[in-house]
Amino acid sequence: MDRRGFLKFAAGGTVGLVASPIIWNTLYDAVYWTQNWGWIPRLKKGESQYVPTVSKLCPSGTGFLVRTVSGVPVRTIGDKNNPVTHGAMTALAAAEAELRVSPARLKTPLRRSPDGAYIAISWAEAEKLLKEKTQQAGASVAAVSGDPTSSINEVLSSILNQQGSSDFYFMPDEEQPAAVAWEAMGGQGRLGYDMEGSDCILAVGAPVLESWGVVAANRSLFNRTHPVGGEAGQKLIYAGAVQNNTAAGADLWLPMKSGTDMALLLGMAHLVIKAGKNGFAAGLGNFASFAAAYTPEKVSAITGVPQERLEAAAKALVEAKKPLVIAGSALGSGGSAGSVMAAIALNMLLGSVNREGGLLDLPYPVSVVAHATDYRDTMRKRFVDYTQNVAAGKTKAPALFFVYAANPVYSLPADSGVKETIKKSGYSVAVASFMSETCEECDLVLPAALGMEAFDDVQTPYGSGRVTYALARPVAKPFADARSAGELFIALAQELKLELGVKDMPELLYKHAYALGAPFRAMMDEGAVHTARVTLPASPLFYNWEAIRAAASARGEEGDLQVAPVVVLAMGTPQTAIPPFATKVVTDYQLKGRYSVAQMNGATAAKLKVNAGDLVKLVAGNNVQITVVAAIFEGILPDTVSLVAGLGHTAFDEFSKGKGSNVLALTSVRREPGTGLPVWGLAGVKAARA
Amino acid sequence: MSSEVKQFKIRWGMVIDIDKCTGCGACMVACQAENNVAPAVDGSNKLRSLNWLTVFRLSNHKPFPDHEVAYLPRPCMQCGKPSCVSVCPVIATDKREEGGIVSQIPPRCIGCRYCMASCPYHARYFNWYDPKWPGDLAQALTPDVSTRMRGVVEKCSFCHHRFMKAQEAAVARGEDPMNLPDGAYITACTEACPNGAITFGDLNNPAHKVHELIKSPYAFRLLERLGTEPQVYYLSRREWVRREGDNYLEHEKTGEATKQG
Amino acid sequence: MDYSKPVDAELFPEGCERCSLTKFMGWMSILGVVFLWGLYAAVRVLGFGLGETGMDDYFGFGLWITFDLAVIALGAGAFFTGALRYILNIDELKNIVNLAAVIGFLCYTGAMMILVLDIGQPIRCWFGYWYPNVHSMLTEVIFCITCYCIVLILEFVPLVLENRQLMKRPFIHALAHNFHVYMPIFAGIGAFLSTFHQGSLGGMYGVLFGRPYLFREGFFIWPWTFFLFVLSAVSSGPMFTVLVCTLMEKMSGRKLVSWEVKQLMGKVGGTMLIVYTVFKCLDSWYWATDMLAGEGLTFDQMFHGWIYGKWLFWMEHAFIIIPMIVLLIKPLREKRWLFYLMLFLTCTSITINRYVLTVQGLAQPVMPFDSWYTYAPNWAEWASCFLVFAYAAMVLSLAYRYTPMFPQEVELNKK
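Chains as they are written, first to last, in my numbering: chain A, 35 to 724; chain B, 2 to 262; chain C, -8 to 406.
If you are wondering where the hints come from, they were derived from the structure by calculation, not from laboratory data.
Predicted model only: the values in this text are computed from it and were never measured.
Certain hints may be false.
[Claimed, not checked] Residues from chain C shown here face chain B by an in silico Cβ test under 8 angstroms; the list is partial: (1) S20; (2) G38; (3) G42; (4) D47; (5) D48; (6) E286; (7) F290; (8) S388.
[Unchecked claim] According to the in silico footprint, chain B covers these stretches of chain C (three or more CB under 8 angstroms from chain B): (9) 49 to 58; (10) 119 to 131; (11) 333 to 345.
[Said to hold, decoys possible] Here are the simulated lysine-lysine pairs, DSS-like style, with alpha carbons at most 25 angstroms apart: (12) A:K430 <-> A:K457; (13) C:K321 <-> C:K85; (14) B:K82 <-> A:K269; (15) C:K(-4) <-> C:K406; (16) C:K85 <-> C:K241; (17) A:K691 <-> B:K166; (18) B:K63 <-> A:K643; (19) B:K133 <-> A:K78; (20) A:K79 <-> B:K133; (21) B:K82 <-> B:K216; (22) A:K691 <-> B:K63; (23) A:K114 <-> B:K210; (24) B:K166 <-> A:K114; (25) C:K241 <-> C:K405; (26) B:K133 <-> A:K141; (27) A:K78 <-> B:K166; (28) A:K42 <-> C:K159; (29) B:K166 <-> A:K79; (30) B:K210 <-> A:K641.
From the three backbone atoms N, C-alpha and C, an ideal C-beta is built for every residue, glycine too.
Okay, chain A solo, but in the shape it has when bound (with noise of 0.2 angstroms):
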């Protein structure tokens, strides 16, 4: 071969290599399978519509516009048109078109078999077994509901009525404190917060930028406030153990040690009356003398806050036109009536009571079903005792327990009794929207409809200045076998031969539509929002201070630290659990993998000797044990570490389970002084390094 040859030779089968179309078209194909993979979804197109209902999922019935796209939702947009929200969004409502789809969505009945393992079962098979079973039980029947806004609530207490029982409930909750202390001040309709009208909020433990009161409302109230780049129509003051999101947006932080909310609020009230400002009210002379021994300096002591701080508060509410103090729980339920009573005589002080932008008596949600029992009797009632006694054995426990739109199980402490009480009860039934921890202990699991899925309302819920009313309206098909929670209620009525007054969910919503004065047509077509100023007789209040001085000798928890929780929207509630849009928002202060973070801060991880990404077990004074990653953060008090709430789920699905601790199982019941209020949401722990 000479040089030609070679030449000749590699040319040749270079330019037929390149001029065939072998390499070509398999570059072309492998770049079309590169884009096509089989297994990655691929996009429905369809035409949009945009329909305008309220979550059911979100505590604050968030008003949204849900896109469906050839009748699937695919996402959730804030609607502008809602007068309670105006468009503001929660990062729970957010995700609520993928929530629907999630796979911790309960898709069929389920009932338990003999060895444990769940049967999927008809809808026919089930409405049977619930007929039968209530009938069985006669009186003896309970339930509990964790949807206080919704009207479904009427069917199943008349039915219970009906048959004899008076244990329905409501969960525990943000209210149940707060209407004890209204009452106790002199209070004779429903609290109500005119935020709208207020121009100095101090918030004292309620978070009112992330779980407090009808949060969106607050959320866009913000807004409107606080005018981008320019100066703010209204001072926020927060009062928490941690530099949570609110305290993000308030303009002054009062780092308050856990459980210190009464000295705090009784500081305050010493402090405005120095500054002039004695609302007059009976009691006001005992009262005054009371505070008087809160001493800047001892509630500083007490508290942890600053003395200039609680000065500049003060301060801020003395000067402001129309102040308003709200008092409330990092947790959302097991708060204390004491500090809500404080709240108040801090407001009667200020004049901030019965007037805009103070503290309002708003009537109570009606009842339009027949032999329903009245919300504000439901509201009364405490859970947790009855559970406690049925655990105890001092109450018999129900031969039917019905659980509705609640995860109780995981969202009470342990020592509520109420995993016990469900395992004493003849026949446990859950109806609910996703596999929760509750669900897994009951006998028989229904799954309901969510709020765009089915006829639904969202009568004024706690925390508001107004009466108002929304309907949530079927947007889509329920997922799977879903179905309306209130439809299968009416219909187990009906098959009992129970007398309800309406025949549909439909006729209950216009019921009360027109019992408010709402615009039923409107709302039902159009998704328009009802909402209304109602002024009642003001109220006689007074200085209770008795009670306000018993409330104040609650003892706190003892350990070496306190645990300050922190509830974020983003993780859900208890009924929801992390929505799996979500878990990225979880932060990395929060979780870290399959532990719960405990922020602290420098001093407090010296003196524990702990650096940050440090395991730390925490030992609760019920001996319950947690292990935890410490991490620093200087927005927290000393000797106090903050773990955040909607962790440590053992049901749903891979986006909540196996991911940290349940802060709830830190906390122990106690008994409120005076008012014997159940109460927790506190926790001493001791910390050593795991």
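Based on these hints, arrange chains B and C on the given structure of chain A.
Okay, now just chains B and C, sitting in the frame of chain A:
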């Protein structure tokens, strides 16, 4: 060595008022849902969770009780002089179209991750595995944004599909698609923010709010000294927050260094 | 048949002794096990995705890119020695140029294997040609590396063809001869391509103006790192070739290249090292004192804890300054252990350089509120690097056993 600042008639931009942001994360959820970003089972590993928009927690670095906190949502900055565009070997990312949005074309991307290395904002994310929508979650995919595949980089597009929709709507109304009214096109995060912390619009258009907002003495951009010319602006009345927006030597003051930079 | 010789003795280069085939196969199977382990990792990465590695969104580059950059720099012995031998006609280098070419071939093909794993969509790798972005340093790298890889194959093929048995066939003989005639052209093209992509690899980092740790100013379109990479490659490449040669001598127990040739290679590398060290130190000085300050940063802020500590920085510099001095001083240079140690230090410094630019450059948080995160390669990344090591060792073993790689071998091993 590096491309120059590109000029456009329309320059879509964001003004994020940090003093209004409380870090709730609604924007992040909305972004994922809108753009068909697959959910992550473990989102706590921030180095592996694909998120076009991330909210950072800022600290004034003072010990308790003088500590202050702020939250900073970080979308893609849509830089005027993007560090990523010039480095991409296959033009999978570009800044060419009117509006100044830095595009990203996943089917073109070969997954070399050079753009990720170039971006000081960490705005770019990689598909370490094929995206997964467990169970029936894929039913909730929107029809607007194609799903991606493993091995490609993706990032915030300022919800570019909404820009196109807004333009189509303008054409249908007989209006100029190149002169959209303020608010006709906004991103999903802007829409979702309950606190109204995000304002979106054409930075060049005097009829748009953002045009004025960026002139505020409180306005700043992230890492301006590097010369990336971001189209995302931030606002804060707090000096320490503005100082967190860029690197400063001890003696340097925020306003001055930025101007010289 | 001579039963005192291994069964495959007919394939050995003329006049060279080799170990028994059993021993050789034993050695090859050890390598084979390592190879299979790496192959398993590679299959997992290609099958499931890059999530199988320890990389993440903060460390998009990791061990693999470090490995690629290091082997490409160390494999630069091929083009540089080749250029000196074939273009500048430094004849003594013919005694080591074959080895240099094989090492270059192995380094580049090895790097290509890792790159196939490292890009998320290997099936789209040809997009670099189809949709090239001429502004990207990486485009230049893709062009030059693939082209140069072909050149290296062309440089490697004749060596294979020179196997004693193959050469007996007239066609192959002619082919090998033709390859040889064109060698200066290959060497020339190789030198051009290699210089450019070595530079472009450096340029890749220097252009990242969003990364203060990496960004450098420069000359025309090339940042200083462009030139530093070329210089560091040409200084460490010949040294690495000598080190590999010495390792082979230790393992085989035979002398392969004369001390004089090694010294010559050391001199060549050492000369380049002087230039590199001067410019590298100037660059570091200017970066630390001037450039960073312009971006509002301090030198201290570029380092963090132990893993990203300053020791790396100082070690990188010390490991070029010390060898530079030692290699300049003749009595020291002539001490064998010191000579080899200095070559080793230089190669280490270059590897550290590639590592810090790749990993520490990304670890350094630019946004003031961002944090330092750490990166550690996982088993899959290590395994695939070992896949390349095993592959290289196998090919090198075969080449040594069956091809006339070392012209001096017969001479040096005369008893």
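Going down the list of hints, with the structure as the test:
With 8 angstroms as the threshold, the beta carbon of C:S20 stays out of range of chain B, its nearest partner Cβ sitting at about 34 angstroms, so the hint is violated. Hint on C:G38 is violated. Least Cβ distance to chain B is approximately 10 angstroms, over the 8 angstroms limit. Taking 8 angstroms as the C-beta cut-off, the interface hint given for C:G42 holds, the closest approach to chain B being about 4 angstroms. Satisfaction of the interface hint for C:D47 is found here, the shortest Cβ-Cβ separation to chain B being roughly 4 angstroms, below the 8 angstroms cut-off.
Annotation: interface hint on C:D48 holds; nearest CB of chain B at approximately 5 angstroms, less than 8 angstroms. Taking 8 angstroms as the C-beta cut-off, the interface hint given for C:E286 holds, the closest approach to chain B being about 5 angstroms. About 12 angstroms separates the beta-carbon of C:F290 from the nearest beta-carbon of chain B, more than 8 angstroms, and the hint is not met. Annotation: interface hint on C:S388 violated; nearest CB of chain B at approximately 33 angstroms, more than 8 angstroms.
Counting residues of the region 49 to 58 of chain C whose C-beta sits closer than 8 angstroms to any C-beta of chain B gives 4, which meets the bar of three, so the coverage hint holds. Only residues whose C-beta sits within less than 8 angstroms of a C-beta in chain B count toward coverage, and the region 119 to 131 of chain C has 10 of them, enough to reach three; the restraint holds. Given as covered by chain B, the region 333 to 345 of chain C fails the check, having 0 residues with a CB less than 8 angstroms from a CB of that chain where 3 are the minimum. Straight-line distance between C-alpha atoms of A:K430 and A:K457 comes to about 13 angstroms, which keeps the hinted pair within the 25 angstroms bound.
As the CA atoms of C:K321 and C:K85 are separated by approximately 24 angstroms, the hinted pair is consistent with the 25 angstroms bound. Taking the CA atoms of B:K82 and A:K269, the gap is near 40 angstroms; set against the 25 angstroms cutoff, the hint is violated. Note on C:K(-4) and C:K406: the hinted pairing holds, with a Cα-Cα distance of about 17 angstroms set against a maximum of 25 angstroms. Distance check on the hinted pair: C:K85 and C:K241 sit about 21 angstroms apart at the alpha-carbon level, within 25 angstroms; holds.
Under the criterion of a C-alpha separation no larger than 25 angstroms, the hint pairing A:K691 with B:K166 is inconsistent with the structure, at around 39 angstroms. With a CA separation close to 20 angstroms, the supplied pair B:K63 and A:K643 stays within the 25 angstroms bound. Between B:K133 and A:K78, the direct Cα distance comes to roughly 16 angstroms. Compliance with the 25 angstroms bound is thereby established for this hinted pair. A distance of roughly 20 angstroms separates the Cα atoms of A:K79 and B:K133; the hinted pair therefore holds under the 25 angstroms criterion.
Simply put, B:K82 and B:K216 have alpha-carbon atoms about 20 angstroms apart, close enough for the 25 angstroms limit, and the pair holds. In summary, the hint linking A:K691 to B:K63 is not supported, as the alpha carbons are separated by about 36 angstroms, beyond the 25 angstroms threshold. A hinted pair counts as satisfied when its Cα atoms are at most 25 angstroms apart, and A:K114 with B:K210 qualifies at roughly 19 angstroms. For the hint linking B:K166 to A:K114, the alpha-carbon distance of about 20 angstroms falls within 25 angstroms, and the restraint holds.
Our distance criterion of 25 angstroms between C-alpha atoms is met by C:K241 and C:K405, whose separation comes to about 17 angstroms. Among the hinted pairs, B:K133 with A:K141 is consistent with the structure: their alpha-carbon atoms are about 21 angstroms apart, no more than 25 angstroms. With a C-alpha separation of about 17 angstroms, the suggested pairing of A:K78 with B:K166 holds against the 25 angstroms cut-off. Taking the CA atoms of A:K42 and C:K159, the gap is near 23 angstroms; set against the 25 angstroms cutoff, the hint holds.
With a C-alpha separation of about 15 angstroms, the suggested pairing of B:K166 with A:K79 holds against the 25 angstroms cut-off. Proximity of B:K210 to A:K641 is assessed by CA-CA distance (about 50 angstroms); at most 25 angstroms being required, the pair is judged violated.
Checked against the numbered hints above, the structure violates hints 1, 2, 7, 8, 11, 14, 17, 22 and 30; every other hint is satisfied.
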